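Enquirer: With these hints in hand, go ahead and build the complete structure from the sequences.
Number of protein chains: 4
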Amino acid sequence: MKDKGKSVRIAILGASGYTGSELLRILAAHPAAEIAALTAERSAGKPIEEVFPHLWGRGLPRLVKNDEVDWSGIDFVFCALPHGTTQEVIAALPRHLRIVDLSADFRLADVETYAQWYGHAHRAPELQKEAVYGLTELARAAIGNARLVANPGCYPTSAQLPLVPLVEKGLIDADDIVIDAKSGVTGAGREAKQTSLFAEVAEGINAYGVANHRHAPEIEQGLSAAAGRPIIVNFTPHLMPMNRGILSTIYVRLANGAALGDLRRTLERAYEDEPFVRVLPEGMLPSTRQVRGTNLCLIGLSKDRVSGRAILVSAIDNLVKGASGQAVQNMNAMLGIDETTGLGIEPLFP
Amino acid sequence: MKDKGKSVRIAILGASGYTGSELLRILAAHPAAEIAALTAERSAGKPIEEVFPHLWGRGLPRLVKNDEVDWSGIDFVFCALPHGTTQEVIAALPRHLRIVDLSADFRLADVETYAQWYGHAHRAPELQKEAVYGLTELARAAIGNARLVANPGCYPTSAQLPLVPLVEKGLIDADDIVIDAKSGVTGAGREAKQTSLFAEVAEGINAYGVANHRHAPEIEQGLSAAAGRPIIVNFTPHLMPMNRGILSTIYVRLANGAALGDLRRTLERAYEDEPFVRVLPEGMLPSTRQVRGTNLCLIGLSKDRVSGRAILVSAIDNLVKGASGQAVQNMNAMLGIDETTGLGIEPLFP
Amino acid sequence: MKDKGKSVRIAILGASGYTGSELLRILAAHPAAEIAALTAERSAGKPIEEVFPHLWGRGLPRLVKNDEVDWSGIDFVFCALPHGTTQEVIAALPRHLRIVDLSADFRLADVETYAQWYGHAHRAPELQKEAVYGLTELARAAIGNARLVANPGCYPTSAQLPLVPLVEKGLIDADDIVIDAKSGVTGAGREAKQTSLFAEVAEGINAYGVANHRHAPEIEQGLSAAAGRPIIVNFTPHLMPMNRGILSTIYVRLANGAALGDLRRTLERAYEDEPFVRVLPEGMLPSTRQVRGTNLCLIGLSKDRVSGRAILVSAIDNLVKGASGQAVQNMNAMLGIDETTGLGIEPLFP
Amino acid sequence: MKDKGKSVRIAILGASGYTGSELLRILAAHPAAEIAALTAERSAGKPIEEVFPHLWGRGLPRLVKNDEVDWSGIDFVFCALPHGTTQEVIAALPRHLRIVDLSADFRLADVETYAQWYGHAHRAPELQKEAVYGLTELARAAIGNARLVANPGCYPTSAQLPLVPLVEKGLIDADDIVIDAKSGVTGAGREAKQTSLFAEVAEGINAYGVANHRHAPEIEQGLSAAAGRPIIVNFTPHLMPMNRGILSTIYVRLANGAALGDLRRTLERAYEDEPFVRVLPEGMLPSTRQVRGTNLCLIGLSKDRVSGRAILVSAIDNLVKGASGQAVQNMNAMLGIDETTGLGIEPLFP
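Protein chains in written order, with the numbering used here: chain A, 391 to 740; chain B, 391 to 740; chain C, 391 to 740; chain D, 391 to 740.
No lab work stands behind these hints, which were simulated from the structure alone. This one's a predicted model, so the numbers in the text were calculated from it and none came from an experiment. Take every hint as true, because none was put in to throw you off.
Cβ-Cβ distance ranges computed for the label pairs, FRET-style: (1) D457(C) <-> K436(B): 54 to 60 Å; (2) K436(B) <-> D500(D): 35 to 41 Å; (3) R448(D) <-> K436(B): 43 to 49 Å.
Just a sample of chain A residues kept apart from chain B, beta carbon distances all over 12 Å, derived: (4) R452; (5) F466; (6) T475; (7) R488; (8) E502; (9) A615.
A virtual CB, placed ideally from N, CA and C, is assigned to each residue, including glycine.
Expert: As structure tokens, this is what we get:
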């Protein structure tokens, strides 16, 4: 496929947000990707550089409305629309399209759980059944065959990659997991909200969505599957005065006489062939600086001074492995091409 | 005493660091404080504005070496020297001086614990016996009578204020406390270290000192006293890309059938007459923005989705309630004047 | 007046923006100020802590609509409303009120110039005639007698304080002035605009409003008055990734054989008795860090390597001397009380 | 050459600074580059990830001392050492090596000027004669044949690219140029200096090196050559609270009846075939956000309200086009391979 040049004609729906812009950055380096259509309902008609000046001079298509797209000229869709509206948009797309959806609309397999957390019945329950949850490293085979992939949330990616293998092996007490997560501001999107203003974010930190953030059921879905029974976790997100990055500090209780070395070996084995997930050596814990702009997920482990406990720390770039990078990784897996195509591992530091 | 004007002649030892500079900011608004001497070993001989240009034109004394100070002209000493060197300096001071020490040297009552964490035997064990641990709200009477007050660490202040009353009442399981703490960079001091460079700190976050930070035994000392038995906690500090502020997110397990309301009521009662410690109403959690530049400690409580658990969040300015502000509060208590003198509660926002 | 305690009953119109919040911070330390009313059209009915959580627990009045205020209980008004709407609001206020207006509505004495820059005829031209332009140091006498003071813009304050004395004395060529100004983000207000989002501001800089910023005619009004003839300047503002502060780097050509020393001496004399404007000694240039949270304006001078030229640098906090601090300074001048009342000079550093 | 794979064996001298790290980031994407040696005098013996944790797991060579390198295995050298020490190091290298020097040591063709600004006689004046000043777009032919290229300074790159074509054509008055330049902190290097600490840089701005910055003579060298006579400019650098980026706002006087359109057309023509230098369309001015992580130099032009004047704004990433990116661009030019190899134009935004 790569021999044929720009052979995958791509549409990005909702191209005026940060995940849209990040998809364009990544796909610019992807040898198979041709950007064929960009949509943005409110900015339709404008050149993309009017909403993203940094994209000036790239020769990208003008923004159009969703219903102006000629779908016959499109092979692959990245859907970066707000949750809630996405499910109907995707339900209306022609069936020849393969889709990675970056919204939350198809992440929760149980539509009851969806309704409970999102406040309305799911509007495309049939499509939900078809959707594959796209945490690439943990669902590669299913993703390869999927037509519709639900790209994981940023926090759930950072939490599940270190936790799932440990819960699966029963090495930690799945009923005693505390996830203290810290995210850069781009996680809140590009909408003009007072809480995202520089003056409200810089030089301060705070917790938010405590005990009711919508990423909690997504994390619990993955851990429950791993445990084989319903799991509830503490998940407490915090807003950080920085653009990109999620650091999840995860406090766990060792199970069944397990030792820290068992956790380390299990994670090392789980990810030994993975290009993007890396378990750091003993004594080293990750910083978000080490993943900025990359599709990496770095995982470190530490003993806890409290006996019988351990600490896991994971770092991702919320816009890359936590969103657009994993979306492209999923596209690569769906197309059967090298999963690393277009995806970097060299962070922009500083 | 206030009637007599600038009646307390103050020396600040180690005036060239951030806590020294912050003492000068606070004392400039203190009606009883006369700055009589400023010391800085390496910068001795320079005017203070050479190390702190923002203090230009204040008519402050020139920096001198410690041994150049005429102690007969001094009533009160703030010691802001590095730990390790402080104990000998204070031991050599005349006995008429009352002292608040901002270093870690006299915080740990048990000199064995000190030796274990600081790597050398304590050099002034007799003086250690005399020192009072100055978490003002929890030791006011002893502070009033003290000659030497050990000003608490920034993290320990943020952790103990919410935890001590709950542990004392037995409302939480003191063996299952996770303190995920996040601090601005001034906590690392003004020393020129690569890890404190703007380019190494901005736009990224990381944990540090995991399972071996020296503030852990200080927190445990307070909680052990409250519990009446030895307590070990998880304490995990993180470096934040901001100047000031500590947010401690504290994960606890409810004990003995206690409910979240019991925790709230206990904290409200403990601090109802306190000018600086405030328990926020239900549904509100603190941000470090709300305390910047003030001596406040704000405490919020939240239920945890995990049954039988709760979340406490405290916010302080590490340079004020976490250092120089509490030091002045302690001086006020020692001098028997209104504890709020010179200390603000209006944050600089944004 | 200060003997009577909280004797000035104050209303703040438009209290939900940053200048409103900053007025509350400053007035909390003002012995004569009683906050009697706070208005905010869209947030009317809410407690102030709902829009400003950092003001929780201060016992401030609830936000009301403008027309709900009982003006008979008010002595003094700070008007912090958006420009354009302000002129009609103030025109409708009872005449017993004395007013400092922080908007741009009454700054330009010439209503033709106003119409040209703001796109509509002035709606209160009679009131405009009455208004006094409140650059305190340069118009103290008129301010003392004024009923309505137009508080200067932030950039114009930072530019006029160093320039007006030099233009008056004819020491610089008033036709060859380049003002390169750099401002923190709070200057853009608290409105939820995409261009003010953290992710659009942090880690980057840009010029804006080049050759058409509305503060240019305000600066030119002051310099023209000083020169006695119409002056046009280059004024180029830049957006900085920080909350507070304006640094204006001003490039001038020496006139009439003047030397740098003449400029320095003229500025030193002009401000020698001023509590807030300070000319730094030779070899020292100001940083915005040195004025954060204060009402100071620091001015430094430097030779230029280009013969016959010089460089002036001024630093203010845009929310204090550039807005709410100068507004309180003006109130003090209007009330005949010590101009420094409530206003600090100790910056929050770092 | 590209067909042969990793065919250029590269040594980076002084690999422990930000330009060293940035070279490694760029060269990781360069198909011809093999990193054969990395030196760092003080960190010799350590793996590179000990000084740069973000480079963990890349399989890079261990840091060695300069004199431990086997030069016979090296084809190409990037020298990222401090100025002053560089000239002797390079003088001692074998002649088969081609070199791009990122220090200031070989930038000033006139060794008298060097001595005047650097305070000592040049220690390799013969080598200085051989060195080619590597502003790639303006000296491509000479660079192609050079053995030793002096990579330009960051500020001089941002100033000369917009100015040189205009001075050459005589469109602006070369005696009336004001360059107000604003740089991110990485420009100060990775040395642990108090002035580069987060707490000394964040939330504030200041000018520095006013009228005596060493980049002034470098800019003047380029403009003097363009003008055919000695030119002195005003160059005033400012420190910005951000990691990367330089914005130069340049104030010029139009010459000889030239109009703004003439300036625009001249710059458009000068750079129409350049992959990295782009003149923005009318009404658009660059931000450093648009170049972060790229080798781009964006140039915008604006009229000035002052008659007969104009404003130029240029934006670069100081670590890329201002240092390591241009260094690789120069290497490409020296090797006769596509100049864009390894060099991106898609910024990391936000």
